[in-house]
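Based on the hints, put chain B in the right spot on chain A.
This is what each chain is made of:
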Amino acid sequence: MSTPAGTNRAFKTVYSCLEYLAVAIIVLIFFVPIAWIVLTAFKPSQDVYTLKLFFTPTLANFRAIFSYPLDFGPYLLNSFIVTTATLVIGIPISLFAAYSLSRFKIAGKQGLLFWILSTQFIPPVIIALPFFILFRNLGLLDTRISLIIVNLCIIIPFAIWLIKGFLDGIPTDIEEAALIDGCSRFGVLTRIIVALAKPGILTATVFCFVLSWNEFMFPLILSRQNATTLPVALMLLNAEKGVIWEQMAAAGIVLVIPSVILVLLVRKHFVQGLTLGALD
Amino acid sequence: MRDKYLKYILLLPALIVIAATSFYPFIQSFWISLHNWNLMNSLTMGPFIGLSNYVQAFHDSGFWNSVKVTLIFTGLTVVLSLTISMAIALLLSKNKPYLSVIRGLLIIPFAMSPALIGFSWRFMLNPEYGLFSKLLGAVFPPLANVQWLGQPTYAMVALVSVILWMWIPFISLTLVSGRMSLPGDVFEAARVDGASPFQTFIHITLPLLRPIILIAVILQTMFALKAFDPVVTLTQGGPGVSTSILNYSVYQTAFQFFNMGYASALGYLLAVILVILAAFYMRLLVKGEGWR
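The listed protein sequences derive, respectively, from chains A and B.
Quick note: the first sequence uses this note's numbering, first residue 1, plus one each step.
Quick note: the second sequence uses this note's numbering, first residue 1, plus one each step.
Only chain A is shown next, with the shape it has when bound in the complex:
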């Protein structure tokens, strides 16, 4: 049975049109909500409860969240300090462990890797409860230190997994040459590996930034006021008279901009990074 060339071409055109349509729908579904949050953040309050697309944009909502009585400045600072400290401590620790797991024979390595991954299956709320009691006894509730400690626990298993995946893909001959030339093993790690695995380390850092920056449950439970981070501060806009949506949107934009920018910077390595560790 032969198909006339004309019908075939028509079919192809219809098919590619449908394909464009499907891609357009995907884009709309994922970006309309984001666009709507952005629009709402710049809306004057009388337009928030309408579906207006055209309005006089205002920065009033951003001013409102950073001035009395909301004062989001300190919460932003808390988020920044907690996340930075977590990454500065957590990423080198993870890099060391990942290097050791990637390059050396270690007794019970399989079990160790399984254990590291399986910690990700422990529901965080189980970890939160004993930590809440521990930090209360130590007088560390509502401090940034307590949040840095729990964030380290969250990111380290992920970071080891990600970085190990990248290290496994790097051939060892450069390292061996450096070792023969008299470079110490630690020197190899800090000079050569850091340079070679830069994309992997950056990707892991960004991934951990997102996890730590958006972390909600632990600061909700472990902080009251002094150590409250930005995601938890969103709850303050959930007042008795209802949520002030335009301010929520403005705070939301301040919250997501850093992680969105960072993620876009490493997007090429991002997805491969997470799956590499488990494949191969």
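Any given hint could turn out to be false.
Straight-line Cα separation of at most 27 Å, DSS-like style, residue types lysine-lysine; simulated pairs [claimed, not checked]: (1) A:198 <-> A:268; (2) B:94 <-> A:12; (3) B:4 <-> A:109; (4) B:96 <-> A:12; (5) A:268 <-> B:94; (6) B:96 <-> A:268; (7) A:109 <-> A:198; (8) B:4 <-> A:198; (9) A:241 <-> B:134; (10) A:198 <-> A:105; (11) B:134 <-> A:52; (12) B:68 <-> B:226; (13) A:241 <-> A:52; (14) A:105 <-> B:4.
Bear in mind the hints are in silico, worked out from the structure with no lab data behind them.
Then chain B, alone, in the frame of chain A:
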């Protein structure tokens, strides 16, 4: 060789942190779960009551409700997410410049704060002025006046949709990277032999993608079972207890009712479910692929 010691020294700090987050809380919460302890009445742990908290859980309809809600929520999320992501991955995994731009941008929802998305959904699902309600009402008239967060079924749909929106881009991109790394000549050969696109998908794409699909299922299950932020900001477990997944119900028992002993027991039961699930997935993974 000094490497003999160095490899353990390098590993040690990370192992201490991981041990602190797995052994310590695991043992501690088990110990607490054997006691009757309400934080409102006393700052120190109450009397030892053995397994009573666990016995109580098995007779507690609230606990069984949470188990049911958790299973429905996780099942729906994993099945829908994987199906939709696979469709999106097939669409996007072609070498066209505009698709590469879309793939790059699709990582954005992953970076968004889940707590914020929960709140935003509440705003956009509002029947009076919400964008989603209005759009859905315009496209599907029967959905025009739905109180999305007022009815159990719709609230569950709303909650699942948040998780799907946040994770589908990530899962799709995972599958895209798997699909695009498959050798092109296999598909070329199938095309020459006259296989239909559907046959190619079932007999070539799916089997070749099996390991990466398995990883995507593991990740999606993990993310669904850990969902917490959107529950707090979107439904608060409601209406009633219809979206009170275990994670949230443990949180409520511990930090709103301050019943530490009982909450620990509930948390422990949740952990046991998760560990069994994890072991099951790991076995599948180890069977399929070499485990380094």
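Going down the list of hints, with the structure as the test:
no., hint, verdict
1, A:198 <-> A:268, "holds, 13 Å"
2, B:94 <-> A:12, "holds, 16 Å"
3, B:4 <-> A:109, "holds, 15 Å"
4, B:96 <-> A:12, "holds, 17 Å"
5, A:268 <-> B:94, "holds, 16 Å"
6, B:96 <-> A:268, "holds, 16 Å"
7, A:109 <-> A:198, "holds, 25 Å"
8, B:4 <-> A:198, "holds, 26 Å"
9, A:241 <-> B:134, "holds, 23 Å"
10, A:198 <-> A:105, "holds, 24 Å"
11, B:134 <-> A:52, "holds, 12 Å"
12, B:68 <-> B:226, "holds, 16 Å"
13, A:241 <-> A:52, "holds, 23 Å"
14, A:105 <-> B:4, "holds, 9 Å"
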